[in-house]
Structure formats: structure tokens, C-alpha cells
Amino acid sequence: MSATAPAPGQMRSGPPAADLAADPAIAAQAEAEAERRAQIAARWDDACLAAALFALDPVAAGGLNVRALPGPVRDLWLEFLRELLPPAEPLRRVPLHIADGRLLGGLDLAATLHAGRPVAERGLLAEADGGVVLLAMAERVARSTAAHLSAALDTREVLVERDGITARTPTRFGVVALDEGANDEEQVPTTLKDRFAILLDLNDIPYNAAVPPAEDAGGIQRARRRLPGVTVPEDMLEAICATALALGVESLRASLFAQRIACAAAALDGRDAVAMEDVSAAARLVFAPRATRIPMPDPPEDQQPEEPPPPDEHQDDEQQDDQTPEQDIDKPLEDVVLESAQAAIPDNLLAMLKMGALRTRSHSSGKSGASQSGSLRGRPAGTRRGEPGAGARLAVIDTLRAAAPWQRLRRAEREQQGTGGDVLVEVRQDDFRITRYKQRSETTTIFVVDASGSAALHRLAEAKGAVELLLADCYVRRDRVAMVAFRGPGAELLLPPTRSLVRAKRSLAGLPGGGGTPLAAGIDAAVELADGVQRRGGTPVVVLLTDGRANVNREGIGGRAQAAEDAQASARAFRAAELKALVVDMSPRPRPDAETLAQAMGAVYLPLPHADAAALSGAVQAVA
Amino acid sequence: MPAAFPFSAIVAQDEMKLAILIAATDQSIGGVLVFGDRGTGKSTAIRALAALLPPMRVVEGCAYNCDPDAADAALCDGCRQTRAQGGKLKVRKGPVPVVDLPLGATEDRVIGALDLESALTRGEKRFEPGLLARAHRGFLYIDEANLLEDHLVDALLDVAASGENVVEREGLSVRHPARFVLVGSGNPEEGELRPQLLDRFGLSVEVSTPQDLKSRMQVVRLRDEFERAPAAFIDKHKRKDGKIRRQILKAKEHLGQVEVPDATLERASQLCMKLGTDGLRGELTLIRAARAYAALEGDDTVEDKHLKHVAPPALRHRLRRNVLDDAGSTTRVNRAVEELFGA
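Chains as they are written, first to last, in our numbering: chain A, 251 to 874; chain B, 9 to 351.
These are computed hints drawn from the structure, not numbers from a lab.
The structure presented is a predicted model; accordingly, all values stated were derived computationally and were not measured.
C-beta: ideal position from N, C-alpha, C; glycine also.
Hints are not guaranteed to be accurate.
Here are the simulated distance ranges between beta carbons [what the hints assert, rightly or not]:
#, chain 1, residue 1, chain 2, residue 2, range
1, A, Ala523, B, Pro238, 18 to 28 Å
2, B, Glu347, A, Ala811, 21 to 31 Å
3, A, Arg749, B, Leu288, 38 to 48 Å
4, B, Met281, A, Leu644, 46 to 56 Å
5, A, Gly782, B, Ala271, 33 to 43 Å
6, A, Gln849, B, Met281, 36 to 46 Å
7, A, Arg749, B, Leu180, 37 to 47 Å
So here's chain B without its partners, still in its complex pose (with noise of 0.2 Å):
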């Protein structure tokens, strides 16, 4: 794979940024949408997220990179059998899966299908496993999720609501887990996104292009620095994506001492309550985006000023259409948290 743009070297673009950092911090979130405008560095921000991950613990020789940690019930066929046996997991560091889902994917790639090698050179059924497989416990990345063909879309849709993928093909029935973290870019010119996917992604992005000349130069001319030396150039932001890491690190280490006061959940419920959002997702994405983005931030406890900043990411995509409010849904959040919280 050519090398990546590496993340630290992004210019700008400071939400979308924080919603793939907390994203990575806590997964369980479930994923980040970016839309916007052409030429906005949507795709080369969720390349570089692939460098910036700390290594996971993985069971060696699983195809589904399970975790060695899990419950029974969270691994695949093989590991539990093993397990089962009294045998021992036997345990590597891996990278975080980052794993492109392209647009002219057919279904049998991405949800998995025999392999053809051996049933042609074998003639033995044998279940080769397809993207969903290799996303588990990593992140799906669908480039233009909106152009994305209706048949996938049900089927990631299935697949993302129970974290398990199920194949019965050819009188072969394979189950494995496959939970992973949806990434979605696109532009909405393009054409919406089903609302049923829309509700899969945790958290929503709006970007646009810089405004001002300062920064605009300086995307175009780091950008043609990495393409004369990219090796060079990744050389150079080896530090400060290292330090990124590290926060992504602690931070997740610290996740779980992060305190989440009963105000500020309740401040968390009057919000959604003021928007009208539906469902209790919405509430549920705030009070975890928050607690990611305390965790960065390095501070014990979450407060308004977390729930502030992560409010629009979290519920932007999530309100209903108002016929008699012309305004963005942007807008509606920023109004809404103002009334809330004050200025």
C-alpha cells in the first residue's frame, strides 16, 4: 500500500480530527461519518488513522483476530475449540485492522465465501473469510458510503447490529464474531445516506475547506512536500504521530476512571430532549463521546465543557427534519446547547 499522509500533518479540519481520535479511543462509540465538501482531506484523515493505532493483542493464527482476553462467547469457532480443549491461545501483538471496503466490492468479498483455490485445486469446501472477517475488533472504512450498493449496505447493516457475521453458502454454515468500527466518508452532493446507516455511525462530521490563506497554503505545500519525499516526509511527523499515539493510548487506559456525573447526564437527556432526537442512542453516543474526549483531554470526570464540544458530532445527524427550521442541523445543536448551557 503506498504510504499514508500522516495524521499530524493535517491542516485544520480540528473536529473531524477529535471525532476520529475519540473514536479510536473508544470504540464502542461506533464509528465516525465524515461528509462534506470535494478536496476537504476526508479520505487522507482516515488513511492516517490506520498508522496511529497502538497494537492490539491477537490470537495467533486466527483469522478473525480474536482477542485472546475474550469471553467464550466472543470468539470464533476455532479459538473456543482450542480453548475447550484445555489448549493454550496462543498470543501476539497485531496492528488495528483498517480495512477498505471498495465501492465495487462484490457481497461473497465482503461478508466471506468458499475459497476458490482449494475447491478448484482441492476440491475441499473451505470457508474463506471476506472483509467483515478481517475488520473484526479493527475499523470498516467505506470510502463514498453514500454511493455504496443498497445489497451491502443491508448487509453490513445486519452484520454491525449483532457483531456476528453469518454465512450459509453451499451447505456451509460459518458463524464468527465481527465487531468492528464503521468509518464513512463522502460527499453529499453525491446523494444522501439511508437513515438506518446513518444511525449506525456514532459520530458525524461536517467538513469544509479552509477560508483562510495561511492555512491553505500551508495544505498545499505539506501536501507536495509528502509527494516529492513521501518517505521523507512521513520521517519527519514520526514524533508527533508518535505522540498522537500515546495520547490514544493513555487516554484508553484512563477510560475507565473517567466519573460521569449524575448532572451530567442529565444535562446529556435535557439536550436530547430539547433536539428531539430519536431513540436513546443519541444520549448514549453524547455521555461516551464526552467521556473519550475527557479522556484525552486527560481529566477525571466529565463536564459540560466535554459535553459542549462533542455535542454536534454526537446528534447532528440524529434530529428530526423541521419543516418550519430552515437552519442547518448544525445550527439547531450549537442553538440548542447555547439555551442549555449558556453562551
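Pulled out of the complex, with its shape left as it was, chain A reads as follows (with noise of 0.2 Å):
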């Protein structure tokens, strides 16, 4: 099997076995099921390639992105890249927890002393300088680690500050990051991303489908030998980035990529200009996994404006698909590329598209509140300079480091002083290091209560019952609490950020019910305390409870149109902020109100009615 499949798009339309079985339906399911084969192989294929066109210059592919458990299929496929590798290249694996001093270089402390003078330690990316850096568990990725390895992969070089030790060193690596992310929230940082030029996803392949390609090393010298000639031809690289523009793949490194892996694909192929077929390879590797909408026939979205077509000299429409009708008629090309994309697009991602849900999900790291560093509590995370006291810890190791090349100097200027003793070791107060420590950053709910006539008859008691629960939940998971009841004319703050449960539970007890229902000046409310949480350096959570029916303005005057308005708008404003938010219909059959509500501001809709206190805790704590 060479290692250039044929495109998904073409395998679909091989022979089915459609006359072989009398029976429409079971030809059915055999036709189905041999797509399904057919489609898993050229993924497998896909996958082969990718390997091979990274083998051929990692350095100018920057990088893969593979994402599978850890298994056969993925052994096998790594397997399969090592031997495509040129065997004098370094492979160095980097740990995931690995300190900067490791990963960068710095002041190599037991040769220091030995020698008498400072020498410098090579980091791991100086070291593998020429080859390729394998990134074991990319999704748990520190974001300092991912920052130094794209600074590195930007500009080519390591810049050492630390210790003492200046050092500037060229290093030129591709990096291969194994992903073993299992769901959507577990991904590798896409500041990495960004700078890898292929993203695979291995995951559901079986391991029977995955077999050994038969791609040799003598393949890819050759085609290594090829590569600085390849040239790509204007149109090609105006298919690459009209497909770019089409899948709305925004970041210009993607089509930076895509061009250096058809060139890549091309002299696989022993070709000297880059054809279709690489194209075509390079976007359903590069573009497909980062496609954030499909060129659907659907009413064009507002996507490209302006933008006068390209003069349409060259190529005429010969190859025309019926497929895709609302495409500009005069890029045959850009269309055949696109589709060849498209067929590549995961299905959980076509089907995330296709709801439009995939909004640019702009906190790329996981759930549970911000990490934010202090110097109390948490996990680990270096050392810095500064006194003990005052709750910071004294690193000992790391002081004795700090003060192990000064002991020379010390001691003459301790026997000139003529205080000299019998002191091992002088340790300073300048060399004392303090252990930094980072913790999730605490998170504060805050309920936002309708304490209106409409809602205190419908449901304020059972409102206020569910939120004695949760409070409950808040206890156990040492999260502070705030409340906000907003009635008549306006909001009330009537709790700020706490801890303390007695007081929440006094201020709700004691909330009356009655009057119009301000839900813009709630929900305005609700923001500016959220943004006061996250400025202390908290993860704010808003639970708002109301039916959703707003009868006051923003100025306190009654008027259903007016107030409805203003509501959206405070809506609009809230989803601005980016905030976690839940809304929990307090209306004694569900209505829209509440949830347009929940739509415009973001957040999760729930209905109380069948939001027993488990379930509402449930929820809260998935937003959380």
C-alpha cells in the first residue's frame, strides 16, 4: 500500500456490494458497513501519511498532535513513525511534569562547583536539537512548559535567563505531542496547538484495521532529497487558502502548514510541483480537524463580506460538483480540495458544527475554577526567592542550591573578618527560596434570587429550598457564597461574598417576596459582583433563579415591552462577560421566557420542576 491514499471522498464511492443480496435492506447494512471499513482504513491511511510527511522534516512541520488512549494502534503507529526517522536523529521524550531548569538548561550545579566556575547545563530542547521532542500526556501540558516549547518552535532557539547563565541556543526540533485526552474538556493547550502542523485523532480505530504500512525509509530519503526543490504553483496555493477561508480555519500558521505539507505530500510522491492529490492531503490533515464551520448550501453565513472574487483566468469548471452548489462557480478547485477536506472532519466535530454549538470556546483549560498561584496552599510549583514566614514555606533544597556556589567567597570573607568558625554550610538570607504553590482558585456562588410577586406565588419557597441545599454543597466544597434579590425597583445585594452558611440562610429566610420583577438590574447586578469575584482572583459561578418574566426597567418603571428589552440586553451583557452561569426556571410550568434567557446569557437551563435538590446540585456543580 503506498503511503498516499486515495481520498476518503473517492474510497466511499468504490463498489458496494448492492447486487450481490436480493434483499434491499440487508444490502443496505452491507453497503453501510463496508463504508464504515472503507472510511476507518483511509483514516488509518491518513494516519500512515501524516506520519510519513512529518517524518520527512518535522522542523518545518512543527509538529503532530496525536489523539488516542494509549493502546496497540497507537504503539504501532508510533512504532511506524520511529522507523521512518532518521535513526541519527534524537528522540527525547519530555516528562510532563518537567521543571524549567530541565526543559530549558540553566546552571548545572554539581559540574559548577567541581570546575570552579559556572557551566552551563544543555536543557532537553537544546539537546534535541535536529530531532524530534515526544510529549508524553500533551493534554495535562503545563501552560509554562507549552509556552517555552512555542517559544522555542518560533524562534528557533532556546533563550536561557536563569541562574546567573545567559545562554542563546539554536535548536531546531518538531514536536510530537501524544494526546490521551478523553473528552472535550481534556485538551492539549492551543498555544501548541497552534504550532503543530497535524492534528491526528486515532481513537476509534480498531486494532484490526490498523495494519503496518508497508512505507520504507529509503522512500522517505529519497523524498527528503526532493523536498527543497518543490515548488507550489499559484493556483495550489490559492486552493489552500480559499479552503482556509472556506472551513473558517482563521490562524494564518494553518495555511503556512498546509503549504509545507503538500510540498511534503508532493515529494513522497517523487512529484517536483505540488499537485491536487497533495493539496488535498495537506487540507484533510491540516484543515479538517481545526474547521470551525462547513461551507454548507444553506443561506451564506456573514462570513466574507466584501471581498471581490479572484480574477478568474486560469482553470475553467470542468469539475464541477453537484455537491456543493452555492460554491463560487469559478473555483473548481478550492471546491474538489474542500470536499476532500470535509469528508476528513470528525464526526463528533461535523455534528458540532452542524448544531453550531461550537462557539469559540475561549478557556481552553479544564473546568473547576482557574488555576491562580499563592503561597499557602495547593500543589507545587518551583521555587522563588523570598523569606519564610507569614504562611510561605522554606524551600530547603533549592536555598542550599542557591547557596552552595557563594560558600568560597563566604568563607574568605568570614576568615578575613577573623569570625570564622567551624560553619559548613552559610546559608543567607539572600538564598533563601520559598516554595511557590498553585491552587484552583476558590469559587463563589453567587444567587441571584426573584424575589418578585409573580415568583413569591409560584414558587419562592421551593426556590429557597433548593438553594438551602446547595448552600449545603457549597459547605463541603469550602466555596464562598453571595445573594442578590431583586425586586420591585431594583436589585439588593443582600450577602456578600462569604463563607459564613449561617448568614446566607438568615439573609434568604428573611427574604420577603412582592413587587414587579427588575430582571435587567438583577442580572446587571449579578455581573458587576461577578466581575468584583474575579478580580480578587475567584472563579465566579451565577445561579439565577426567576421565571424569566421581566415587568421593571433598568430605571425601576414598570412596562412589560421596555423591561423584556432591557433584560436581553443585560443578557448580551452578562454572555460578554464570559460568565458561568445556570438559570433555574422558577415558573410552575416551564415557558420560553426563561429559557431565551438562559440562551442569551450563555448559561445552562434548568426547569425547576424537575429540578429535585439532587439534580439542581448536580447541575451547579457541572457548571462550576
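With the hints in hand, could you dock these two chains into one complex?
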């Protein structure tokens, strides 16, 4: 099997077992099965092609992200990749919690003391020059490690400013990130992914489909020699860039990578100029996993408002496809590439794209509160100069490390002053290092309770009960709580963020009901309070209990229309603030009002009738 | 250092390029912050800056790049002593430093510490200047500024505010001038910048990827050409880069002659009041940036058109968050500009 597999789109039209069975149902089933197999085979072929293209020039590709749980399929693939990489190139594995010093290099303490002069230690990235860095468990890699890797990939050098050492070491390497993320929350940092040419997903490829491909290292060798001479014709470049635009791939790095991958594909196939199939392969490997929209035949979306169509002197539309009628008619080339890329878009991504649910997820890190450094508790995250005390803990080893190089100097000093004693190691105040800790920032749950007449009439008592249960949860999680109520002319902060649950309960119990519903004021108050919590380093979660029927506007004047408009505006502001939120519908029968409100706010919607205490608490936890 | 991509070969991103030129023309504006999407050429543009800056006069042999024409107070201890003893400061032309502050830098390398080598080999205490010393009179570039460690941010803010770095270590007390222009870049998705640090940047630019096919193709084409043969590519753009360098040089000379009429000052104040920016720094930056822009354009007086052009980068990061207004800060600045100056 050649490494350049036919595009899945072409495979699918292969001969199905249609004329064998008389029963149409069985035939359809067999056809579906055959199609599924062909799809999987095509994906595996693409994965192998990706390995070959990456191995051809790891530095130009920047990196390759393999999303797969550890298992035989991944092992097989890695084995294949290893065979293709030149044996002389270093393959260095970066462990998950590598210290900055080891990654970048710094002072080699043992050698320094021995030699009596500072000796720099080369970091892992410098050692990997000309080779490949294997990043294990990449989905859990620390942000700072990701940033170092990105910087080294960008500048093609490692710049060290540590422990009295300044060094600039050129290093060129490619990264293979082993992404073992099991769900959507676990992702390789986007900074890093953006610098990788190829994003692979080996997840549902069964072991029996993963046949070892027959690409030999000799072919790669030849292709490697050919690669520098490969050229990209203008129409191919246009096809690449147009596909990126059509699929909503924003980053220009992706286009650059696609161009390089296309060159590599051409070299692998023994061509000197990039051709159609190379661009298709590049689009499948580079663009498909990054697509943020599908160019559907439905009404063209907001993209590309102006932009005159490029001059169409080249190419006639002989290959025009019936499948994508709304495409610009004068770009058949782009259509073919696009189709090929679309076929390679993973199913789940496709589903999400279709639902339009792929809002630009801005917080790429996991769920429970953003981590924050403090000096008191949490996981150790390096050391810094500083004095112990006030809760900060002395890092003994690092303190001794810091003191070590100065011993000779200090001994001499001491002898000069005649205060020489039999001190083995002299540690001074300047040497003190304290451990820094990183902890999940504290969550503050902000309850915004609709205490208006309509709500009171319905379910205020029940809502109070639900909130009390949530409070108990908050206590278990050591969260802080705050409470805002709105009724009559405006909103009122009943309880500023506190850990005192007794106070929270008391203020809730004493909450009178009645009056209009100034929903806008309530939402505004929540945003303001949440903003304050964020500024203090906390993570706010807003729980809004309401029936969603506003009848008092921002100025505190009644009137349903204006009130609803204001509430919508506030909801949009709320969404813009990107807060985590839950809207609990208090109306007796779930109505669209609260649900639309939740949508406008970007919040999770939960109708109270189904919200027994457990469900409610579960929902809050899922949001927080 | 690997060769940097030439400034003149950067496609589109006009606001970012202008902001960088303004900062290079008038260093007192206080730096540029470039925030935006991935893969938009943020770092590329800033790294290209070094090649554009015209050389400056420095004292020969001074570790801090002292200005030979500066007053005594702005000199480092060594140069001041030489001058006090009636010695003449030797002058040489040197490049304006553009110093990279890498993310993993430790505090001692940033603010300076005892020289390890002389301590180990000769047993003497000697101060070894850090990055801040090296960046004196030049630029200090922080990539991914929002990921910088808090204690480093504190140190930076302190020095940036006082223009002087004070180190007290191991019984050594060193004080040296450190006036530098902060240049930062980052991706807002990675986290926000502390407001105190944000305020230190004179101009802030938001960048996004170009959406038209032509420019996108051009970017890919140029970048590829650069990577295949960096030296030839730089050579090809030498003339254009030289033109920009001369433009900066001329603007620097011209800067002193650009007049700011009272009417313009009033306009600037009105704009800042309308937007409710905190403090006077906004107005000051706006005026200075407009003046530098006028100088770059070769104009003799600062007019409304200059103000209009530089208002977004000078003001957008100084707005208070408005709960009732969900429009982006850029839109708010533009709206205010439109209301005040007319479309």
C-alpha cells in the first residue's frame, strides 16, 4: 500500500455489495458496513501518511498531535513513525512535570562547584536539536511548559536567562504530542496546537484495521532530498488559502503548514511541483481538524462580506461538483480540496459544527476554577526568592542550592573578618527560597433570586429550599456564597461573598417576596458582583432563579416591553462577560421566557419542576 | 540569533505596524501591547523592530548603555564618576537594544545579581547587570505577557515606574538607570493582563487574521520564501526596511518641531472625558502618540485627523468596564471619536 491513500471521498464511491443481496435492507446494511470499513481504512491510511509527511521534515511541520488513548494502535503508529525518522536524529521524551531548568537548561550545580566556574547545563530542548521531542500526556502539560515549547518552535532557539546564565542556543526540532485526552475538556493547550501542522485522531480505529503500512525509510530518504526543490504553483496556493477561509480556519500558521505539508506530499510522491492530490492531503490533515464552519449550501453566513472574487483567468469549471452548488463557481479546484477536507472532518466535530454549538471556546483549560498561584496551599509550582514566614514555606534544597556557589567567597570573607568558625555551609538571608504553590482558585457561587410577586406566588419557598441545599454543597466544597435579590424597583445585594453559611441562610429566610420583576437590574447586579470576584482572583458561578418574565425596566419603571428589552440587553452583557451560569426556571410550568433568557446569557437552563435538590446541585457542579 | 523576518514584508496589520513605529519614534509614549489571535504575526512584527531602529550614541564600555549627553542624574555610577573626575566619556554608536524577556527567566537574571563567575573563580563580589540594565534606553519585549510570573511583573512595574533599578543583595547595593519601553504581546484567551501592567503600555493594539484571500496568500507566499532562503529574502527587503528606518529617523528629528495647538489639546481632553478614562495618562499618551504620528507623516501641526487615527490604540485599554455596554472597547472608542469629530 502506498502512503498516499486515495481521498476518503473517492473511496466511498468504491464498489459496494449492492447487486449481491436481493433484500434491499441487507444490502443497505452491507453497504453501510463496507462504507464504515472504508472510512476507517482511509483514516488509518491518512494517519500513516501523516507520519511519513512529518518524518520527512519534522522541523518544518512544527509538530504533530496524536489524540489517542494508549494502546496497541497508538504503539503501532509510533513504531511506524520511529522507523521513518532518521536513526541519527535524537528522539527525546519530555516527561509531564518537567522543571523549567531541565527543559531550558541552566546552571549545572555539580559541575559548577567542581570546576570552580559556572558551567551551563544544556536543557532538553537544546539537546533535541535536529530531532523530535516526544511530549507525553500532552493534554495535561503546564501552561508554562507549553509556552516554552512554543517560543522555541517560533524562534528556533532556546533563550535561557536563569541562575546567572545567559545562553542562546539554536535548536530546531519537531514535536510529537501524545494527547490522551478522553473528553472535550481535556485538550492540548491551544498555543501549542497552533504550532503543530498535523492534528491526528486515532481514537476509534480498531486494532485489526491498523495494518502496518509498507512505507520504507529509503523512500523517505529520496523524498527528503527532493523536498527543497518542490515548488507550489499559484493556483495550488490559492486553493490552500481559499480552503482555509471556507472552513473558517483563522490562524495563518495553518495555511503555512498546509503549504509545507503539500510540498512534503509532493516530494513523497516523487513530484517536483505540488499537485491537486497533495493539496487535498494537506487539507485533510491540517485544515479538517481545525474547521470551525462547514461551507453549507444553506444561506451564506456572515463571512466574507466584501472581497471581490479573484480574477478567474485560470482553470475552467470542468470538475464542477453537484454536491456544493452554492460555492463560487469559478473555483473548482478549491471545491475538490474542500470536499476532500470535509470528508476528513471528524464526525463529532461535524455534528457540533452543524448544531452551531462550536462557540469559540475561550477558556481552553478545564472546568474547576482557573488555577492561581499563591504561597499558602495547593500543588508546589517551583520556588522563588523570598523569606519564609507568613505562611510561606522554606524550600530547603533550593535554598542550599542557592547558597552553594557562594561558599568560597563567604568563607574568605569570614576569615578576613576573623569570625571564622566551623560552619559547614553558610546560608544567608539572600539564599532563602520559598516554595510557590498553585491552587485552584476559589469558587464563589452567586445566587440571584427573583423575589418578585409573580415568583413569590409561584415557587419562592421551593426555590429557597433548593438554594439551602446548594448552600450545603458549597459548604462541602469550601466555596463562598453571595446573594442578590431583585424585586420592586431594583436589585439588592443581600449578602456579599462570604463563607458563613449561617448568614446566607438567615438572609435567605428573611427574604420577603412581592413587587415587580426588574430582571435587568438583577442580571446587572450579578455581573458586577462576579466581576469583583474575578478581580480578587476567584471564579464566580452565577445561579439565577427566576421565571424570566421581566416587567420593570432598568430605571425601575414598570412596563413589560421595555423591561424585556432591557433584560435582553443585560443578558447579552452577561454573555459578553463570559461567566459560568445556571438559570433555574421557577415558573410552575416551564415557559420559553426563562429558556430564551438562559440562551441569551450563555447559561445552562434548568426547569425547577424537574429540579429536585440532587439534580440542581449536580447541575451547579457541572457548571462550576 | 536567527535572522528576523523583515518588517517591511509584513502584510496588512497596519495598526500594529503604526503603533510600533510610533513607539520607536517617541519612546516616552511607553510601549506597545499587541493582543490578538494566534498566528497573526505579533511576535514577528516586534522582533523585526530591532532591525529598524537607527543606532544611538552610547558611552563606550558602559554596561548600561548610558547616554553621553545625559545629565548627571541619568547616568550610571561608573559614568558619573568618570565625569566628576573631569574625564571625558568616550562615545560610540551602538544599536538600540531590543531585549527578549523569556518566560522562564528567573528574578536574578531580570534585575541583576552577583556575578557567579567572579565569585567562584576569584572570590570577589561583583554585580552582574540583568536584563533590565541591558534594556536601558531600548525595548524590553515580553512575549505572552499575560503568562509572566507575578513576582516578575511586580519587579518590572516598580522599575518601569521609577526608571531606576535598585538591587540590594549580599551586602551589595547597586542602583542604575533603567528606562525602557515595554513591548508585550499575548493572546487574550490565555488570560488577562493585570490592570497595573496594562496601564504601563502606552498603546494597545488588537490584531486579527486578515480575512481576504489575497492577503492571506501573500502572507503564506512571503513566509515560505523567507524560510527557504532567509538571507536572500532579507536582502530583497533591505531597501524598503531602510526607507522605514529613515522615516523613523526623520520623525525623531522632526518631533520637537511638531506643534500641538490648544484646540487639539481640548479635543483630546473631551474625548478622554467622554470615554471616562482613568487618570491623565490617557490624555498624555493620546497627545504624544498623535504628535509622533504627525511627525512620521511629516506634518507640522497635530490635527484632528491625527487624533482620530491614534485614539483607538491609545485609549482602548484604559476604558472602565461598563456593565451596561456590551460593545467591545474598540467600538466604544470609535463611537466616541465619531460623535466628537463627526464621521
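The hints, checked one at a time:
For Ala523/A and Pro238/B, the Cβ-Cβ distance of about 23 Å falls inside the hinted range of 18 to 28 Å, so the restraint holds. Glu347/B and Ala811/A have their C-beta atoms about 28 Å apart, which keeps the hinted 21 to 31 Å range intact. Distance hint for Arg749/A and Leu288/B: a CB-CB separation of about 40 Å, consistent with the stated range 38 to 48 Å. Between Met281/B and Leu644/A the CB atoms are about 51 Å apart, so this pair conforms to the stated range of 46 to 56 Å.
In this structure the supplied range 33 to 43 Å holds for Gly782/A paired with Ala271/B, their Cβ-Cβ distance being about 40 Å. Under the hint 36 to 46 Å, the C-beta atoms of Gln849/A and Met281/B, about 37 Å apart, fit the expected range. Distance hint check for Arg749/A and Leu180/B: the Cβ-Cβ separation is about 46 Å, which falls inside the suggested range of 37 to 47 Å.
This entry satisfies every hint, going by the numbered hints stated previously.
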